[in-house]
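> Residues per chain, in single letters:
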Amino acid sequence: MTDDQVYLQRLLTEIKGESSPYALMEVCGTHTMAIARSGIRDLVPPNLKLLSGPGCPVCVTAQGDIDAVVAMVQDPAITLLTFGDMMRVPGTNSSLQEERSRGSDIRVVYSPLDALAAAGQMPDRQVVFLGIGFETTAPPVGATIQQAAEMRLANFSVLSLHKVVPPALEVIFGDPDIQVDGLICPGHVVAVTGVEPYRHLADKAHKPMVVTGFETRDILEGIVMLLRQLHRDRAQAEIQYRRVVKPEGNKVAQQTLQDVFEPADCRWRGLGLIPQSGLKIRSVYQDYDARLKFEVPDIEDVPIKGCACGEVLRGRITPRECALFGKGCTPLQPIGPCMVSQEGACAAYYRYTPDKGRL
Amino acid sequence: MKTDRILMAHGSGGSMSQQLIDDVFKKAWNNPYLSAMLDGALLDLPPGRVAMTTDSFVITPLFFPGGAIGKLSICGTVNDLVACGAKPLFLSTAMIIEEGLPLSDLHKIVDSMARTARKARICLVTGDTKVVERGSADGIFINTTGIGVIPSGIDYRPSRIKDGDVVMVTGPVGDHGLAVLAQREGLRFATPALSDCAPLGVIGRVLEKYGGEVKCMRDPTRGGLATVLNELARQSGHGILVEGGKIPVSPVVQGACDMMGLDPLYMANEGKMVVITAPRQAAEIIRDLRQLSEASGSAIIGEVRLEPRQMVLLQTELGAQRILAMLEGEHLPRIC
Chain A
4 MTDDQVYLQR LLTEIKGESS PYALMEVCGT HTMAIARSGI RDLVPPNLKL
54 LSGPGCPVCV TAQGDIDAVV AMVQDPAITL LTFGDMMRVP GTNSSLQEER
104 SRGSDIRVVY SPLDALAAAG QMPDRQVVFL GIGFETTAPP VGATIQQAAE
154 MRLANFSVLS LHKVVPPALE VIFGDPDIQV DGLICPGHVV AVTGVEPYRH
204 LADKAHKPMV VTGFETRDIL EGIVMLLRQL HRDRAQAEIQ YRRVVKPEGN
254 KVAQQTLQDV FEPADCRWRG LGLIPQSGLK IRSVYQDYDA RLKFEVPDIE
304 DVPIKGCACG EVLRGRITPR ECALFGKGCT PLQPIGPCMV SQEGACAAYY
354 RYTPDKGRL
Chain B
1078 MKTDRILMAH GSGGSMSQQL IDDVFKKAWN NPYLSAMLDG ALLDLPPGRV
1128 AMTTDSFVIT PLFFPGGAIG KLSICGTVND LVACGAKPLF LSTAMIIEEG
1178 LPLSDLHKIV DSMARTARKA RICLVTGDTK VVERGSADGI FINTTGIGVI
1228 PSGIDYRPSR IKDGDVVMVT GPVGDHGLAV LAQREGLRFA TPALSDCAPL
1278 GVIGRVLEKY GGEVKCMRDP TRGGLATVLN ELARQSGHGI LVEGGKIPVS
1328 PVVQGACDMM GLDPLYMANE GKMVVITAPR QAAEIIRDLR QLSEASGSAI
1378 IGEVRLEPRQ MVLLQTELGA QRILAMLEGE HLPRIC
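Which chain is which? The protein sequence lines are A and B, in order. Each residue of the first sequence is one higher than the one before, starting from 4 at the first, in the numbering used here. Each residue of the second sequence is one higher than the one before, starting from 1078 at the first, in the numbering used here.
Source of the hints: derived by calculation from the structure; they are not laboratory data. Treat the hints with caution; some may be incorrect.
What the hints assert, rightly or not - Rough simulated footprint, nothing fancy, chain A against chain B, three-plus residues with beta-carbon under 8 Å: (1) 1365 to 1371; (2) 1384 to 1395.
As the list claims (entries may be wrong) - In silico lysine-lysine, DSBU-like type, Cα no more than 35 Å apart, as pairs: (3) A:K249 with A:K52; (4) A:K52 with A:K19; (5) A:K52 with B:K1323; (6) B:K1164 with B:K1207; (7) B:K1185 with B:K1239; (8) B:K1239 with B:K1104; (9) B:K1104 with B:K1196; (10) B:K1323 with A:K330; (11) B:K1103 with B:K1207; (12) A:K330 with B:K1239; (13) A:K19 with B:K1323; (14) B:K1323 with B:K1239.
A quick note: this is a predicted structure, and the numbers were derived from the prediction, not measured. Note that the Cβ used here is the ideal one computed from N, Cα and C, for glycine as well.
Starting from the given sequences, assemble the full structure and let the hints guide the process.
Printed below as a string of structure tokens:
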């Protein structure tokens, strides 16, 4: 065994020695994916539950918001640019993928700057970038809006569905039906926001939190740090992911967020309307707010029959406990968004976690 | 009339078509089959079972680091024949060209097809071109169809895969997919990502001498290594267990995939083979493969098991076993 493997096994041994029934929640979709890919969930003792939280931005996008985007792209003047994951997320009656096949101009990009470049190349089209994601993706989108404003681009705008993480965590902590004893906090998000909001949450909810990286060893270290806090009845926000996360966060990105966006009430799939959890484009940049520019309607969610994504996103059930899992709902024919996104809890279970009955 | 671009008239069947054939195709591909100018090629085949395969190439961009649509259109079909256990012999091509394609691009494409075919020891014996209006295609679409003959004693059908067989791959995976993506998206890396696009007849010639010891071979193109392993598990009815740490991936591919949230095991390859052999001579086979420049990175990555049937499991660095699923939906469009 290499030194690295020896170290991993040592962490694993400490975790396997845990005898109390703790439930730890990973908030970030990238963690959900990394845990599934490394097989950590299968190696921890049964009394230790690893729950997936509301940290996949695609998954928590409200169905009504998808419906609103579908309605918007009926305008033949609009070219919608989006991250690929959003293409297949089901709305009530359609998805972006279906709308593209019906003739709407919808294209996949890898960065908001690509969208800006596209707007420059297509002066006769109204280019709308679909802004999805948390505090990590919102700053580059904000910077893109600032750049568009400097260039006075008249045919570029952003439909912001951006959200911030802490208010959703407060909802989960406030739910008496959900047992969460500690949080594996999203390393990339905290790298932007700094650790302060999580310190505040840890105090308020009296739960330990560890800001964790995304390699297997990071996640194992994060779990060990949480267990050590639990044993000492501590509730601190610690940083495991020190090579990336500074306690104060990224000031430049925070400033951009502050300059371009303001908090607004926002609907989350599975969690409902959460006050001050969304990022609305400030009125100084209203020319770049697609919601105003194209009068995008506010559409209420219509629950999908049988879909338990909401319960999964709250950590109330694990994906396999949903009646549709692997039957009506698969990554190829997803019913709920947790099966669509690469980082969705259901997709991660479906793709990586063997059904014990078959082994 | 002198022009530097493809015009609709080049597809008319008239004098401009003839000029295109003479100036571009015949010059590059000169051989007795084409010179005969018949409606089809008349071929004499050596004894043995005949393998036939066809593939269409719609890749964008047409030129990418390590390859181009021309080279790719030969390698793709040649490698499918090799994976069938056949010696590649003859090839046809049909091109659908978009009006406005620079003639210099067509020259480059046709020349690289000719060069690659020579290297692959396959003879291009018949072809067709059509021209469509601007906007109806993306530069050029190329179809190639190949035939080859399978030597006696060779049978690479997955039904021959058995419990205990050894799973190999002939080098690091994911390079082609990344090279095309990087070119398309304008991504730059410290070490440039190069497509592995190459004709692999030489691998077939090396494995031929092991006869029935080699059970099956397949090229992990679209859908990557993970998808091919799943196809083989399903078609053989067996399970496959691979060890994640043993699958070769170059640092640039691994780094770029980590950054973009992609998985190298699902990225396309155009110059690799998955080889499944009986355990007895696996060590000799891997040693012989490593002697080839096309397969110097060959590695044993796992084994065939009875259970779980029709599934692929991957052992992680922690020792846990997780599913390695088939590619679902669209990973990266138009990479071949």
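> Hints first: check each against the structure and report whether it holds.
Hints versus structure:
1. 1365 to 1371: Violated: only 0 residues of the segment 1365 to 1371 of chain B have a Cβ under 8 Å from chain A.
2. 1384 to 1395: holds (count 7)
3. A:K249 with A:K52: Holds. K249 of chain A to K52 of chain A sits at ~29 Å (cutoff 35 Å).
4. A:K52 with A:K19: Holds - the C-alpha atoms of K19 of chain A and K52 of chain A are around 12 Å apart, at most 35 Å.
5. A:K52 with B:K1323: With Cα atoms ~30 Å apart, K52 of chain A and K1323 of chain B stay inside 35 Å; holds.
6. B:K1164 with B:K1207: Distance ~30 Å between K1164 of chain B and K1207 of chain B Cα, so the pair holds.
7. B:K1185 with B:K1239: Roughly 45 Å separates the two Cα atoms, so the pair is violated.
8. B:K1239 with B:K1104: Given pair K1239 of chain B, K1104 of chain B is violated - Cα atoms ~49 Å apart, limit 35 Å.
9. B:K1104 with B:K1196: Given pair K1104 of chain B, K1196 of chain B holds - Cα atoms ~17 Å apart, limit 35 Å.
10. B:K1323 with A:K330: holds, 33 Å
11. B:K1103 with B:K1207: Holds, at roughly 16 Å.
12. A:K330 with B:K1239: Cα-Cα ~31 Å, so holds.
13. A:K19 with B:K1323: With Cα atoms ~26 Å apart, K19 of chain A and K1323 of chain B stay inside 35 Å; holds.
14. B:K1323 with B:K1239: Holds, because 21 Å separates the two Cα atoms, which is no more than 35 Å.
Hints 1, 7, 8, counting from the list given before, are not met by this structure.
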